[in-house]
Amino acid sequence: MPEGTLCNKLTVDTKEHLDSLLADKSGKVYYKEMNDLEVNQKALWGIIQKTFRSRFKTWLEICAHCGLCAESCFHYTANNGDPKQVPSYKIQSTLGEIVRRKGKVDNDFMQHCMDVAFAQCSCCTRCGIYCPFGIDMGIMFSYLRGLLFSQGFTPWEMKIGTGMHRIYHAQMDITTEDWVDTCEWMAEEYEEDWPGLKIPVDVESADIMYTVNAREPKHYPEDLAEAAILFHLAGENWTVPSEGWEETSLAMFAGDWAACKMQVETVYDAMERLKPKRMVVTECGHAYRATVLEGPYWAGRKSGQTPVESIHYVEWVAEALRTGKLKIDPSKKIKEPVTYQDSCNYVRNGGLGHFAREIMSYVAEDFREMTPTKEHNYCCGGGGGLNGIGRYREQRNIGMKVKRDQILDTGAKLVISPCHNCWDAIRDMEEIYHMGIRWTFLKPLLISMVEVPEHLKPEE
Amino acid sequence: MFKKILFATTASPTCDNAAMVAFDLELKWNAKLFVFHVLGLPTRGYSPFVTDSRTGETESVDPDYLEWVEEEMRNTYDKYLEESDAEIDAVVGNPHREILRKARAEDVDLIIMGAHTREEDIGATRYRSVVGSTMQKVAKAARCPIVIISRPCTTCWKLFSHILVATDFSKAAFSAFRFGVKLAREVKAELHLFHAVDIETLNNGQISSQEEIEEKLAHARRRIDKKYVPLLKGVKSYDIEIREGTPYVEVLKYAREKQADLVVMAHHTREIDPELALLGSTVEQVVLRASCPVASVNHPDKVADVA
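If you read the protein sequences in the order shown, they are chains A and B. The opening position of the first sequence corresponds to residue 1 in our numbering, with each subsequent residue numbered one higher. The opening position of the second sequence corresponds to residue 1001 in our numbering, with each subsequent residue numbered one higher.
Mixed in with the good hints there might be a few duds.
[What the hints assert, rightly or not] Pair by pair, the computed Cβ-Cβ distance ranges are:
hint	chain 1	residue 1	chain 2	residue 2	range
1	B	Asp1225	A	His434	53 to 63 angstroms
2	B	Asp1062	A	Asn107	22 to 32 angstroms
3	A	Thr5	B	Glu1067	16 to 26 angstroms
Hints listed in this document are in silico derivations from the structure and should not be mistaken for laboratory results. Note that the structure is predicted; figures quoted are calculated from it, not measured. Even glycine gets a Cβ: it sits at the ideal position worked out from N, Cα and C.
Here chain B stands alone, though its shape is the one from the complex:
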């Protein structure tokens, strides 16, 4: 299922938890792992200068400097590299763009990232005009699933026993569902299919009657039965849960109840201003707060075989 994995790292402690998962996946799935770091942002006009993404310093990048950064990366991950064949790569560019470029060039099956947003970084001014976080942009455009790991994840993926798929019935969410199914079949995990009826943002503060809410819940149930359930063949066991509330809160609560090892969701923010979506999107909120990894799947390319 994962033949090629791209671990996009800041090569700093922010990504330590993600690193652990990335190297573990490489071993367990016998995959080709690319450890990839975008070290600095280039200028728009002609100039050899880049702003180092870790120090915020202006650097003139030459082959030696790239080599030095790659050496640093090797040192950072030396304990993993003892039993890994990972390819280490450092490049100059706009982080989300270079991650997407690499993912496309190598046709990877999975991207792994830490939940790094740029705010804590020193070179923040340069990034101001590059609105939105790297994770958001990669999640939106990547053709493969991306997994964001912000907290320690000690369970080996092969031992995952609970996978939560949250859907909002969008096209993208269907891809997320297919990924959840594929993984649940492969690792023989239980699948928890979840939908939250959004009772706040949709109604502009109006209060829905109990009947209305219940009708919405029933409607969602019918949609799941029709569209999703027929595809659940081969999944060890599954359950379906529909609740009302604020979607990200409900997703998090349910993930906790079921002790989910992974939350799978779609990332789509087409309708929302990217600057607002930074704080507003459900997936972002779940990523920031979930205690388990979150997979974002937006495109059908890598999951089309689940039919």
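One chain only, chain A, in its complex shape:
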């Protein structure tokens, strides 16, 4: 059975394997090898028989082809109503076909499925709330990604991402030492301006265990410092775990189910080891979905819950502002029109939209909702891993037009975007479409507006 050296059915479990993938610029060899990758039809059908849930079976069968999902999909709208972008068509012609053919599909078809599953669906699950039967195409596409992954059909960047998780238990090459050192470094750098600032590592029984996105310690450690400053100002008793601090899951985007389980278990282990009262997740959308919403099922937790109560950063901020732990200086509230990008993963899938509005009521004088908004809001255009995949750059840029127009229609020049993925998409959008907007996470914004208690101010 022909297998490439880079593109194959193996998972990436060693550093050598990972490095060989990284050395293949833009996955050139990888995608070339993919053309010769043979589909193990028996194995594919085997995995379907074991994992294809009755819910999916029902969904595929009861679809009435009514087309009501069409306009719910931003890809459909952005591509001028191309019928090939109707969600029900997209899933029926890919996953539906594989099931109907009992796994007897060829290489071309698998590559086609991969292109549809990654470039034409960001798994935003918006179609699911517009289907009269509640058929959720996004969830089924996530499942399809898993089938594709098992046969080696996954975008190059996703294969690398899963390798990172398998080797480093993080989406980037950060070791425990790197992480702990970054915590020390940030406390050291910022304590002069914020006397008493600490980033406590591995403190047991803290009120909050804070977890992050690996891009933060890797490239943007200020984010960690900002989180520390806000916890410090709010007087929280908090900690970060030395291991199990990574909340994201590229394995979820890629459909590497084993790595999904492996990754969330590191976080759950940290919870069980440190026994915090609660866990707070950084400003990241898919991280929340992976570790808080889906993770308990991946890990086979009977309760369907994380070991301790886990909340998203927006929930913590809303609570801190509500209870007065953080107070906003009224003169520093945002005066200009401002809008909010609802991340699909914690707003539509997590139901946290009202916390975002609560925060806006404290910090903004002229808050403008996008249309549609909250759980009906559209994907930023780069979700589901799409931002990170070179092969589908063009399709992504077309899809972004929907978010672009939504933002422009609000008249706001400032977009608050507490999700790494949305943040990137909005930045790229500005670069491509020159809208004249700015965008920000919550943390730097809050630090610029919050009242600093006298005893926490630096001496001079």
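With chain A held as given, fit chain B onto it using these hints.
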């Protein structure tokens, strides 16, 4: 005094003047030199793409690309590298952050930079959300002195004869003063200790009377005599000057009068919005306009031995 030096370069002509100084310091002080370039800004979310800091193009960085950039750097500095053992390094990241990371990892004694702000660069959109210039952020957080070189500096540091230290009596300025003293002792230069009484920004446009100004000048003089003068032992010669006016203008005028080879100041902008500080801080104005290098010292770590 300088065992390890970090030259943070854009690897473009903006840094040519700084390069000359960096390689000269390596030789004269027998120091270990790190030539360091941050080549591109990564995304916030997962992605292998970075925006190349010189071209503004989107690049997918792999080991070959890094090697190619390092090769380019070697070509740029080939004439210096003939007699240098500098370590060449190119990395991906947010420029100020990676410079600070490297400085911390190697525990360097000095950082040298060109006066490069991002505005002239093509990839500017990406940097919009990274408020403030690289230099400002490095100057604020670095534990060692940083020297910014924007104009040709042909005098070898060992031959420096006039070092100007400008103080505003802050804690950070005291570190700057200690660095000035340390260097003046080592290269046997004259030290010119300077303070400008700010008569504009402090009084919100109100005009101070001559007596008030003179009282402020006298007060500053007493502070210098008490806090600074006892530490001037071992300095070849020194003088003290206090003037009133707009600080950066007075610093520049005095630097010119004394034909200073180096201006040493603190960089502290805690009270000021970083976006405003970009234009407003005294050190930034001095850096942009001075004809000599400007050293910014904000922390005591590397100068604590001057007591």
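Hint check results:
1. Taking 53 to 63 angstroms as the suggested C-beta distance range, the pair Asp1225 of chain B and His434 of chain A conforms, at roughly 58 angstroms.
2. At roughly 26 angstroms, the beta-carbon separation of Asp1062 of chain B and Asn107 of chain A lies within the given 22 to 32 angstroms, and the hint holds.
3. The given range of 16 to 26 angstroms is respected by Thr5 of chain A and Glu1067 of chain B, whose C-beta atoms sit roughly 22 angstroms from each other.
Violated hints: none; the structure is consistent with every hint.
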